[in-house]
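Engineer: Fit chain D to the given chain E structure using the hints.
These protein sequences, in sequence, are chains E and D. In this text, residue positions in the first sequence follow the numbering used here: the first is 48, and each later residue adds one. In this text, residue positions in the second sequence follow the numbering used here: the first is 13, and each later residue adds one.
Heads up, a few of these hints could be off.
Stated by the list, open to error - Among chain D residues calculated to face chain E with C-beta under 8 Å, some are:
1. 237
2. 256
3. 279
4. 296
5. 302
6. 312
7. 316
8. 329
9. 444
What the hints assert, rightly or not - Taking lysine-lysine pairs in the BS3-like style, the calculated list, with each CA pair at most 25 Å apart, reads:
10. 233(D) / 249(D)
11. 74(E) / 51(E)
12. 136(E) / 233(D)
13. 349(D) / 136(E)
14. 51(E) / 90(E)
15. 90(E) / 272(D)
16. 136(D) / 90(E)
17. 533(D) / 272(D)
18. 322(D) / 82(E)
19. 322(D) / 74(E)
20. 136(E) / 228(D)
21. 453(D) / 397(D)
22. 134(E) / 349(D)
23. 48(D) / 136(D)
24. 48(D) / 82(E)
25. 90(E) / 114(E)
26. 90(E) / 322(D)
27. 228(D) / 349(D)
28. 136(E) / 249(D)
29. 134(E) / 272(D)
30. 397(D) / 166(D)
31. 233(D) / 523(D)
I should point out that these hints are in silico values taken from the structure, not numbers from a laboratory. What you are looking at is a predicted structure, and each value in this text was computed from that prediction instead of being measured. Think of the CB as a built atom: it goes at the ideal place given N, C-alpha and C, for glycine as much as any other residue.
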Amino acid sequence: MDYKIIPSVCSYCGTGCGVLFQVMDGKLTDTLPMKTHPVNEGKLCIKGWNLHEHVVSDKRLTTPLIKKNGEFQDATWDEAIQTAAEKLKGIVSAHGPDSVGVLASAKITNEENYLTQKFARAVIGTNNVDHCARL
Amino acid sequence: MTNSIEEIEDAACIFITGSNTSACHPLIARRVFRAKEKGAKLVVADPRNIQLSRFADVAVTQRVGSDVAMLNGMMHIIVKNDWHDKSYMEARCEGVEEFLAALDAYTPEKVEPITGIAPADLEKMAELYATNSPASILYAMGITQHTTGVDNVKSICNLAMLCGNVGVKSGGVNPLRGQNNVQGACDMGGLPNVFPAYQPVTVEANTEKFSQAWGKELPNKIGLTITDMVQAMIDGKLKALYVIGENPMLSDPDQNHLDKALDKLELLICQDIYLTETAARSDIVLAAVSVAEKDGTFTNTERRCMKVNKAIEPLGDTLADWEIISRLSTAMGYEMKYDGPEDIFKEVTTAAPSYAGMSYERMGLDGLQWPCPNPEHPGTQFLHKEQFTRGKGLFHAIEYLDPAEMPDAEYPYFLTTGRMFAHYHTGTMTRVSPHLDAEQKDGYVEIHPEDAETLAVKDGDTVKLSTRRGEIQVSARVSNKVKPGLLFVPFHFAESPANVLTNAAADPTAKIPEYKVCAVKIEKAA
Numbered sequence: 048m049d050y051k052i053i054p055s056v057c058s059y060c061g062t063g064c065g066v067l068f069q070v071m072d073g074k075l076t077d078t079l080p081m082k083t084h085p086v087n088e089g090k091l092c093i094k095g096w097n098l099h100e101h102v103v104s105d106k107r108l109t110t111p112l113i114k115k116n117g118e119f120q121d122a123t124w125d126e127a128i129q130t131a132a133e134k135l136k137g138i139v140s141a142h143g144p145d146s147v148g149v150l151a152s153a154k155i156t157n158e159e160n161y162l163t164q165k166f167a168r169a170v171i172g173t174n175n176v177d178h179c180a181r182l
Numbered sequence: 013m014t015n016s017i018e019e020i021e022d023a024a025c026i027f028i029t030g031s032n033t034s035a036c037h038p039l040i041a042r043r044v045f046r047a048k049e050k051g052a053k054l055v056v057a058d059p060r061n062i063q064l065s066r067f068a069d070v071a072v073t074q075r076v077g078s079d080v081a082m083l084n085g086m087m088h089i090i091v092k093n094d095w096h097d098k099s100y101m102e103a104r105c106e107g108v109e110e111f112l113a114a115l116d117a118y119t120p121e122k123v124e125p126i127t128g129i130a131p132a133d134l135e136k137m138a139e140l141y142a143t144n145s146p147a148s149i150l151y152a153m154g155i156t157q158h159t160t161g162v163d164n165v166k167s168i169c170n171l172a173m174l175c176g177n178v179g180v181k182s183g184g185v186n187p188l189r190g191q192n193n194v195q196g197a198c199d200m201g202g203l204p205n206v207f208p209a210y211q212p213v214t215v216e217a218n219t220e221k222f223s224q225a226w227g228k229e230l231p232n233k234i235g236l237t238i239t240d241m242v243q244a245m246i247d248g249k250l251k252a253l254y255v256i257g258e259n260p261m262l263s264d265p266d267q268n269h270l271d272k273a274l275d276k277l278e279l280l281i282c283q284d285i286y287l288t289e290t291a292a293r294s295d296i297v298l299a300a301v302s303v304a305e306k307d308g309t310f311t312n313t314e315r316r317c318m319k320v321n322k323a324i325e326p327l328g329d330t331l332a333d334w335e336i337i338s339r340l341s342t343a344m345g346y347e348m349k350y351d352g353p354e355d356i357f358k359e360v361t362t363a364a365p366s367y368a369g370m371s372y373e374r375m376g377l378d379g380l381q382w383p384c385p386n387p388e389h390p391g392t393q394f395l396h397k398e399q400f401t402r403g404k405g406l407f408h409a410i411e412y413l414d415p416a417e418m419p420d421a422e423y424p425y426f427l428t429t430g431r432m433f434a435h436y437h438t439g440t441m442t443r444v445s446p447h448l449d450a451e452q453k454d455g456y457v458e459i460h461p462e463d464a465e466t467l468a469v470k471d472g473d474t475v476k477l478s479t480r481r482g483e484i485q486v487s488a489r490v491s492n493k494v495k496p497g498l499l500f501v502p503f504h505f506a507e508s509p510a511n512v513l514t515n516a517a518a519d520p521t522a523k524i525p526e527y528k529v530c531a532v533k534i535e536k537a538a
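With the rest of the complex left out, here is chain E (with noise of 0.2 Å):
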C-alpha cells in the first residue's frame, strides 16, 4: 500500500485554505486541513473538505476534441494544437490580432496565468486579454 499526503491550497474561493490531499496507491481519496496553515489553522468549509469530488468527478474530460460537422471526436493532442494553431493564426492573418480575445482563468495558476497573456500579447499580438474578475 502506498500512502502519501500531498500538501496544496484550496481551489474554490479566494481564501487560500491550506488543503493537504491523501493520496493512495496513486488514487486521491481524501481531502484534509492543514492543521498549521496560516490561513484556515486546521480548519474547512463544506467545499473544501470535499475539494477532492471534484478532481474524480466522472464527468472530467479525458482527452482534447475537435468538432467535426457538429459533432465532438476524440483527438490527439497534435491534432488539437495543430488545429487550433492553423485556425487561429489564419484568423489573425486574415482580420489582425485584436479580432481574438483571450480568457484567463481565475482557477489556474499564476505561472499559467502569466503564460496566457504572453500568449495573447507576444503570440498573437493583442491586449484583447482579460478574466473573470468582474463576473
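Structural biologist: Then chain D, alone, in the frame of chain E:
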C-alpha cells in the same frame, strides 16, 4: 485586501457589507466570530438577512444598489459628531475639502427614503465604526457588481480614510476575492490594460521592457474587457475566442445576448476540465488537468502566494494548462520552452516587481504576501503602512446614482443574485461533487412571505421570473431572508440560469455588470 485574514480577529469593529461571508468565505467568517468573542463590535449591511446579521450589534437591510447613499450617510453623521480622525486626514490624505462638502446633503432623513435604513440605525452604524479602532471593512461582489461599483468602492475607501483605518493593523479595506486565484490572475496581467504587476500597457517604457524580454513587438493599445468582447463579437470585430477555465455561458450577464455573440464567432476554443455549457459550444476543446494534477502557485485574497503540488498523475489524456499554452504557442511559431512551473515562476519574478523576492523554496507551506521585492524581504502583511502607495490617500466626492434598472409597473420587483453555501460559481465543480450536490440540487428563488401571499405562491411552487432580457422557471422558496419587494436567485444552476435575467449594464470604468440589481416580474407558472 489591504490587510490580512488573521488580523480580522483583532479588529475592534468589523463592518461587513455586500459579503455573505459565512456562506461564501466561511474561513474568513471564522475570524469574524473570533473577533466577536474578543469583544469586537459587528456591523452588517446587506440587502438580505444573511446569517451574520444575527450576530451583529447593528444589522440593516439596505435597498439593493443604495450603497453610496448609505455610506455617505454614515460619513455625514461621523463628521457631524466630530468622530473623524482629523490628524490622519491632515497628514496622510488629500482632496478633503471637496469630499466633506459633498457629504453635507446626506442627512439621515435624506438617506432613509433611498436606502430604507432608519436614521437611528444609521447613527448606530456610524458610531460603532467610527468610535471603535481599529475598524476593518469587509466587502465582496455585493459592493462591486453595480453600475456604480467604482463609486461604491471609493465610498468605502473614503469611510476607511475618514476614520484613519487604512495602513493600520486589523483595519483596512478588505475585498474578499471570490475565486481561488482571481488575485493571481490580475497580478499576472490577465487584464487588457496592464502587464504583470499592474504595469500599464500604455506606458512606453513598460511596452519596451516587455518587448525586449519577450523578443516581440508588443501592442500598446488597451485591449477589450470581457464585457466589451461580447459586443465586439456581435459587431463582427472579434472572430476568435480562446477561453481558459471559465464558463461565460453561465457567468456572463444576459445569456441570450451572449448566445447570439458566440454564434457569430468563427472560432471558439475552450480549455477546461469539464465539458461546460461554454465548452459544449466550442470548435476545439483542450482537456486540462485539475488542481491536484499539477504544480504551481495561487495567490489568495490577502496577496499570499502559495504553492500547490501535484498529488496524482493527470487523468486520461489531459495536460496541465501551462503545457497546453506552451505547445500552442510553439505551434504558432513562438517557442515557449519551460522545464516546468518553477521555471515559469522564475520568469514571473523578473516580470512582476511585487513578486521579485519570491521563490518556491521560500514559499514553504505558508506562502509569501506581496509586495515581496527582494529575497530578504519577509513579505507584506498590510499595505499603505507609512504612506499610501500613491503617496497621499485621495478622497473622492461621490454622489448617489440609481441603478440602471429600477422596478416599474411591468417589472415591479428588485432581483439580486449570488451564491449559496454549498455551491460555487457556475456549479461546474460543486454540482459534480456528490456531497455538495446533495445539499442543493436545483435552483430556486427566495421570496418574502408577504409577497408570496399576495401572489398566492406557496413554498415549492414553480414560478416564472421575467426581465427585459428573458425568462426562467424556478421553484419558490418562501423566506424571511429577503425583504418584501426583493427576490434572490443563486446563479449556480444551468437549468434555471440567473444570467438569462441579469442586466449587462456595466460600471463605466470597471466594466463590471450590474448582477446585483435589476427589475423583475414574478408570476405563478401556468
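Engineer: Take the hints in turn and mark each one as holding or not.
Structural biologist: Verification of the supplied hints:
Residue-level restraint check for residue 237(D) holds (minimum Cβ-Cβ distance to chain E is 5 Å; threshold 8 Å). Interface hint status for residue 256(D): upheld, as the beta-carbon distance to the closest one in chain E is roughly 5 Å, under 8 Å. A distance limit of 8 Å between C-beta atoms decides the matter here; for residue 279(D) the minimum to chain E is near 5 Å, and the interface restraint holds. Of the supplied interface hints, the one on residue 296(D) holds, with its beta-carbon coming within about 5 Å of a beta-carbon of chain E, less than 8 Å.
Hint status for residue 302(D): holds, given a least beta-carbon distance of 4 Å to chain E, under 8 Å. For residue 312(D), the suggested interface contact is upheld, since its CB lies about 3 Å from the closest CB of chain E, less than 8 Å. A cut of 8 Å between beta carbons decides the hint on residue 316(D): the least distance to chain E is about 6 Å, and the hint holds. With 8 Å as the threshold, the beta carbon of residue 329(D) comes within range of chain E, its nearest partner Cβ sitting at about 4 Å, so the hint holds.
Look at residue 444(D): its Cβ gets to within about 4 Å of chain E, closer than 8 Å, so that hint holds up. Among the hinted pairs, residue 233(D) with residue 249(D) is consistent with the structure: their alpha-carbon atoms are about 16 Å apart, no more than 25 Å. Between residue 74(E) and residue 51(E) the CA atoms are separated by roughly 10 Å; this keeps the pair inside 25 Å, and the hint holds. A hinted pair counts as satisfied when its Cα atoms are at most 25 Å apart, and residue 136(E) with residue 233(D) qualifies at roughly 21 Å.
For the proposed pair residue 349(D) and residue 136(E), the alpha carbon gap of about 20 Å is at most 25 Å, so the pair holds. Pair hint residue 51(E) plus residue 90(E) holds up; C-alpha atoms about 20 Å apart against a cutoff of 25 Å. Our distance criterion of 25 Å between C-alpha atoms is broken by residue 90(E) and residue 272(D), whose separation comes to about 44 Å. At roughly 34 Å between alpha-carbon atoms, residue 136(D) and residue 90(E) are farther apart than 25 Å, so this suggested pair is violated.
Only pairs whose Cα atoms come within 25 Å are accepted, and residue 533(D) paired with residue 272(D) is accepted, the gap being roughly 24 Å. Distance restraint check for residue 322(D) and residue 82(E): the Cα-Cα separation of roughly 20 Å lies within the 25 Å cut-off, and the hinted pair is therefore satisfied. Proposed proximity of residue 322(D) and residue 74(E) is supported: the alpha carbons are some 12 Å apart, at most 25 Å. This hinted pair checks out: residue 136(E) and residue 228(D) have alpha carbons roughly 16 Å apart, not beyond 25 Å.
Taking the CA atoms of residue 453(D) and residue 397(D), the gap is about 46 Å. The hint is violated against a cut of 25 Å. With a C-alpha separation of about 22 Å, the suggested pairing of residue 134(E) with residue 349(D) holds against the 25 Å cut-off. A hinted pair counts as satisfied when its Cα atoms are at most 25 Å apart, and residue 48(D) with residue 136(D) qualifies at roughly 17 Å. For the hint linking residue 48(D) to residue 82(E), the alpha-carbon distance of about 23 Å falls within 25 Å, and the restraint holds.
With a C-alpha separation of about 44 Å, the suggested pair residue 90(E) and residue 114(E) falls outside the 25 Å cut-off, and the hint is violated. In summary, the hint linking residue 90(E) to residue 322(D) is supported, as the alpha carbons are separated by about 22 Å, within the 25 Å threshold. Simply put, residue 228(D) and residue 349(D) have alpha-carbon atoms about 16 Å apart, close enough for the 25 Å limit, and the pair holds. Between residue 136(E) and residue 249(D) the CA atoms are separated by roughly 16 Å; this keeps the pair inside 25 Å, and the hint holds.
With a C-alpha separation of about 21 Å, the suggested pairing of residue 134(E) with residue 272(D) holds against the 25 Å cut-off. Taking the CA atoms of residue 397(D) and residue 166(D), the gap is near 19 Å; set against the 25 Å cutoff, the hint holds. For the proposed pair residue 233(D) and residue 523(D), the alpha carbon gap of about 17 Å is at most 25 Å, so the pair holds.
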